[in-house]
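Protein sequences appear in the order of chains D and H.
In terms of the working numbering, the numbers along the first sequence are unbroken and rise by one, the last being 181.
In terms of the working numbering, the numbers along the second sequence are unbroken and rise by one, the last being 260.
Derived from the structure by calculation, the hints contain no laboratory data.
We treat Cβ as the ideally placed atom computed from N, Cα and C, and that holds for glycine.
Please note that the accuracy of each hint is not assured.
To be verified - Cut-off 30 Å, straight-line C-alpha distance, at most; resulting in silico cross-link-like pairs (DSS-like, lysine-lysine):
id	chain 1	residue 1	chain 2	residue 2
1	H	LYS50	H	LYS211
2	H	LYS157	H	LYS(-3)
3	D	LYS157	H	LYS211
4	H	LYS(-3)	D	LYS64
5	D	LYS104	H	LYS60
6	D	LYS64	D	LYS120
7	H	LYS60	H	LYS93
8	H	LYS54	H	LYS93
9	H	LYS60	H	LYS50
What the hints assert, rightly or not - Beta-carbon label-pair distances, calculated as ranges:
id	chain 1	residue 1	chain 2	residue 2	range
10	H	MET(-14)	D	GLN150	32 to 42 Å
11	H	ILE(-10)	D	ILE98	21 to 31 Å
12	H	HIS17	D	GLY172	46 to 56 Å
13	D	PRO59	H	GLU216	49 to 59 Å
14	H	PHE89	D	PRO100	55 to 65 Å
15	D	LYS104	H	HIS17	55 to 65 Å
16	D	MET123	H	GLU49	28 to 38 Å
17	D	LEU36	H	SER70	29 to 39 Å
18	D	LEU168	H	ASP258	51 to 61 Å
19	H	VAL187	D	PHE127	24 to 34 Å
20	H	SER70	D	LEU31	44 to 54 Å
21	H	ASP245	D	GLY172	49 to 59 Å
22	D	PHE127	H	LEU183	45 to 55 Å
23	D	VAL24	H	LYS158	16 to 26 Å
Given next are the chains, with one letter for each unit.
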Amino acid sequence: MLNNDFFINTVRFIALVLLQILLLNNINFMGYINPYAYITFILVFPLNANKSLLIFLAFLLGLTIDMFMDSGGVHAAACSFIAYIRPWILKFSFGVSYEHNTIRIGKTSMAQRFSYVGIMVLLHHFILFSLEIFSLQHILLIVKSTLFSGIFTILLVLGLIILFSRKK
Amino acid sequence: MQQIIYFFIRNKNFLLFLFLFVISLFFTIQSHTYHSGKFVTSANFLTGGIYSFESSISEYFGLEKQNLKLVEENKRLRTQLSLLSENATAKVEDSSFLNSRFRFRTAKVINNTYSKSKNYLTINRGKRDSISIDMGVISPKGIIGIVNATSGNYATVLSILNTESQINARLKKSNHFGSLVWNTEDPNVAQLIDIPRLAPVVIGDTVVTGGRSTIFPEGVLIGTIKDYNLEEGSNYYDLDIELFNDMTNLRHVYVIENLDADEILELENAVDDVE
């Protein structure tokens, strides 16, 4: 069982990184809007798994993306942040019942899932663009990028979650 | 003592997060400072390999356009060459007399970004092809950026579409010079700042590199003036420059090595030391 989880998550990690760098980074919708759907890895990581492990893997995921995008450590920072606050967001969106391992993200109601994905994606993007642009003068650009890319990412992530959960 | 250990155990997730977050911030800040040896770049074995695999496939889709560009450049160079040989009084027989200060090497762009505020390119030449940091990169149509990290087989280039980039440029007609920067708004428009008020600025005029740095030869094409703005009470123009290059579509580029760079820098440092 443990080996199975390990295998699935390794494949997911590599597949999402490749999807991000080879396909999604080249979309450039309206010049600058790209979805960052690789964070699906953090969102669907087993809910009862070790939290420290998730934070570390999220950091590694972000750093891999940073390496491909030459963006310093902005993705790593944003990823480790949402991995760290994930338990609180889960509690907020799904109620305390998630702690009893009864929840499968693929089987929750649409509204709950949307609030979970939406909050996580917007937080991730806001940190990402704040660090990347790194200047208060461009606060409008930060908010604009967060919103536009965020909407794009949320739609894509919801689609990916349906895709991932159908297998079981 | 026990209290401290309990504290660590209780907050291990937070401490781990804090630790990793600080490392990421460190990487981020390091990437914001211009000249520094960076750890996290796409000039390495893994990322370079994957990007060159990707470009070996996607290359075929743009072949026609790229060929057209190269043919256009050949045409321009041929024209210059014929002018030169008509005007030359004494022909240069031996190529060793042609001691150009600059050496050009070809390279292919295997990764290119233009939608962020800090954009980089990755090219398929590295240390083993004698590429080193601070060499200039141009395309058939004009300036692209400066090499900022190298590995064995790959190098990353700080694009002119990067808020950290600042390149000496001048008006072709009048020799007034300023700095070329980018305000992140449009990948085809860069800004030329600090052009003195006295300069005759006309929309449509050509802007070229200034040759005050050791990186680019003088007179490499940059773009044309699209719009200008002189603020009330300011002594300097801010110009919008429409780039000749389509920065969103780059494949074949040249890396420029200035053979005298070391000598010039050494001399300048020596002068600075004396002062």
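task = Go through the numbered hints given earlier and state which of them the structure violates, listing their numbers in rising order.
result = The structure conflicts with hints 2, 5, 10, 12, 15, 16, 17, 19, 22, 23, although it agrees with all the remaining ones.
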